[in-house]
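Engineer: Residue-level listing of the chains:
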Amino acid sequence: MRRVVITGIGIVCPVGNTVDDSWNALCHGVSGLGPITLFDASTMPVRIGGEVKNFDVESIKNRWPRAESLRDRKVFLGLAAAQEAIESSGCPIEEWAKVAIHVGMSLESFFLEDVAEVANEEDLTAILAARTLSSLGGPLLQSPLDTLAEFLADRLSSSIPPTTNCSACAAGGQSIGLAFRQIRAGEIDIALAGAADSMLNPLGLGGFSLLKALSDENDDPKRSCRPFDVTRTGTTLGEGASFLVLEELGRAQDRNAKIYSEIVGYGSSLDSFRVSDPDPEGNGASLAMDCALKDAKMPPQAVDAVNAHGTGTPKNDPVEIMAIKRVLGKRSFEIPIHAVKSMTGHMIAASGALEAAVSVLSLNRNLIPPTINLAKPDPACDLYIVKDFAKAFTGNTVLSNSFGFGGQNAALIFRRWIP
Amino acid sequence: MKSENDVFITGIGCVTPLGTSPNVLLDAIRAGQTAIKPSLFPSEIFYCKNNARVSNIDVESLIRDPKSLRLMNRDAVFAAAAARLAIEDAGVEIDKNIQGRRVGLFGSTGLMCLPLEEISPVLRASLDSNGKLDPKKLGNEGLKATRPVLSFKILSNMPVCFVSILEKIRGPNAIFNPWEGQGALAIIEAVRAISTGEADCALAGGCDQKANSMGFLSLQQHGVFDSWKNEGTGTAPSEGAVFLFLESSSSANRRKVKPYATIKGWKAGTIKRNLHSVEDEKKVLEFLLKSSVPRGASIGHLILSGDNGTMLNKLEEETFKGFFGSKPEIETVFPKHHLGNLFAAAAAGQLAVGAMMTRESGYASVANCLGHGSTTATFYLENC
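The listed protein sequences derive, respectively, from chains A and B. Start counting the first sequence at 1; every next residue gets the next number (the numbering used here). Start counting the second sequence at 1; every next residue gets the next number (the numbering used here).
Just to be clear, a hint being listed does not mean it is correct.
[Unchecked claim] On the chain B side, residues computed to face chain A include the following (Cβ under 10 Å): (1) P42; (2) L123; (3) I165; (4) E198; (5) R255; (6) A377.
[Stated by the list, open to error] To spell it out: a stretch of chain A is covered by chain B in this simulated footprint if at least three of its residues, at any positions, have a beta carbon under 8 Å from a beta carbon of chain B; those stretches are: (7) 42-48; (8) 192-206; (9) 283-292; (10) 401-407.
Keep in mind that the hints were calculated from the coordinates and are not lab data. The beta carbon of each residue, even a glycine, is placed where N, CA and C say it ideally should be.
Please take these sequences and the hints and turn them into a complete structure.
Structural biologist: Now the structure itself:
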């Protein structure tokens, strides 16, 4: 069976705009959460989030000339992370024509300010149409989810069909998993897979606020997201993007590529419970982990760490811990578990891709970033959660979980690369 | 690609402007009936004046849990109904004769149609004195004008997630967005999951709703109606959902069901529309045909994807007829001429028509999925 390795990484997230900056911040327990500044959220019930800081959209537009007309923030975040992943792989640009591009996204950006201008009209759609279609090149009301994937495919002149995966918070993990499967099956040799997202806009933040899924601790944003803490009150939205370059082992070795880690397993499942809540028994979550282990042909004892979905919502965290215990048994009490959302917030579609990248870096750089804000561990989350400080890590495998809104789950397994 | 383990189509569920019965659908296509009519909403501003709507069908009665309806958008209702019909058609009872964890779910959803009935009150409550969106008023007053269910109606994965919840499907899954080519890739992922043994069976298909004014607005903005402007003809937006129940040959044989067809070959590729190179596009289509259809195959039916005589339509027909020869015994159909364009659900529709024709005649079908977006795919269906 063909083996698949990671040869490139790109990260743009609330704690850093490159892999190195993000990794350093995560390992030092830096919180990227703060008051929202991207729009006036002062009257919103939730006014905090994990914004990507000092993000220079203009430089992205300069590097990607056709991006000038775009105005969807998550596409720019995605382009920046993809660019870093491509460059870090060291793969010459002429070799990208056969790359498969898999992009995770969640909510389409709909530019409400354009719709609002005609909101008082009786026939809203007709007026809206007249306004937006009256002149050539009028503002696009919405940014289709495939914008980033199509953009990357076009720029890299790839002849492999790109996918746009909209499986909510599982989209990033699924995109990487599907790319892994394609390479392992011999359909392709190289893939760029990851996700980008930004819900930090009125529609995204407003919608999630209404669902009561977010922490409203507006006065203390850095502590607002507390996975596995008994006082947690909800997650905090973040934004960002992350991409991995996946490559068939022989191909990577032939070109002397730097190999960060190997990817050995992927599993996906559905809760089939409710659109709003995780299955309280954690059956969907454990099924995804089970499938990933079977896919990797690994026993539970071989898992050395878990990069948890760890949202900090009252419902998610104990369910995830229950599922980890069910799948890993005794092993679950012996290994470190951590949740980077405590620092980045929940990057929705991009969260699984970021956490996959962090898992790869943990294996490559021998450290596990901490879960911050964990002062009073929830008795229902009684596993070894890495807290406060990064932990040295010499294990060989990391399991990375992503559980999506709507009940979609993904689990990935990465293994240390030993030449 | 060729599957090592045969993947059968054992169930078809469709909610289309031509009805919910696969047989009625096929008869209507053969009889030349079309559901495409002048749009009922004001369409002066749009290049396209026609659409195809699902009407006179009590779709909601097909939903297993009517309480879910308040959370569901129109495309989610279509998806849940089509999925139910596909499962019934396959004769499967999930968690009785097939375990839910061994059933995959691979779907595609379309470009979001903003639910204006939900959004308008929010926006109206959020305007400043100049009629501009005021974020402060949005927080203070706008959010109070809507309901928490808004999120369930705008997240792109929700229509397919409702299918999983209502049908107790718990296996491998993925949801793609937003055009026909992504729908084809969802079907390919389902075939892959079954052929590698990850699942015993899977629902694969899509849903969309573009036969309304917001849909028209999105489509026109994204250039889908350009052929109406440039060539005076083009696609007619439609709405509905199509799901296929796909099953491993061993599972189907164990249940002793008669499949519609087996998906024997497939290949997806990309067409660079911005190159405007007919020759390049033709080469891609020929490559997909060579990669998916075995030499010497007895083809009975071509299910082509172009619609209403556009340049793309002509290119596709010319390429396929050039490849297979203009044999009178090969029946060629264009489902979109009859159903309108189902976009995210169109690929499943193409395969559904091909599968029905193959089961009826015993001859193989080639179904092509070529729509907006860069991805195109060809499937080869054989009699079982």
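Engineer: All hints are to be evaluated individually against the structure, with a verdict given for each.
Structural biologist: Hints, verified against the model:
no.: 1; hint: P42; verdict: holds, 5 Å
no.: 2; hint: L123; verdict: holds, 4 Å
no.: 3; hint: I165; verdict: holds, 5 Å
no.: 4; hint: E198; verdict: holds, 7 Å
no.: 5; hint: R255; verdict: violated, 22 Å
no.: 6; hint: A377; verdict: holds, 7 Å
no.: 7; hint: 42-48; verdict: holds (count 4)
no.: 8; hint: 192-206; verdict: holds (count 3)
no.: 9; hint: 283-292; verdict: holds (count 4)
no.: 10; hint: 401-407; verdict: holds (count 4)
The structure fails to meet hint 5 from the earlier list, while all remaining hints are met.
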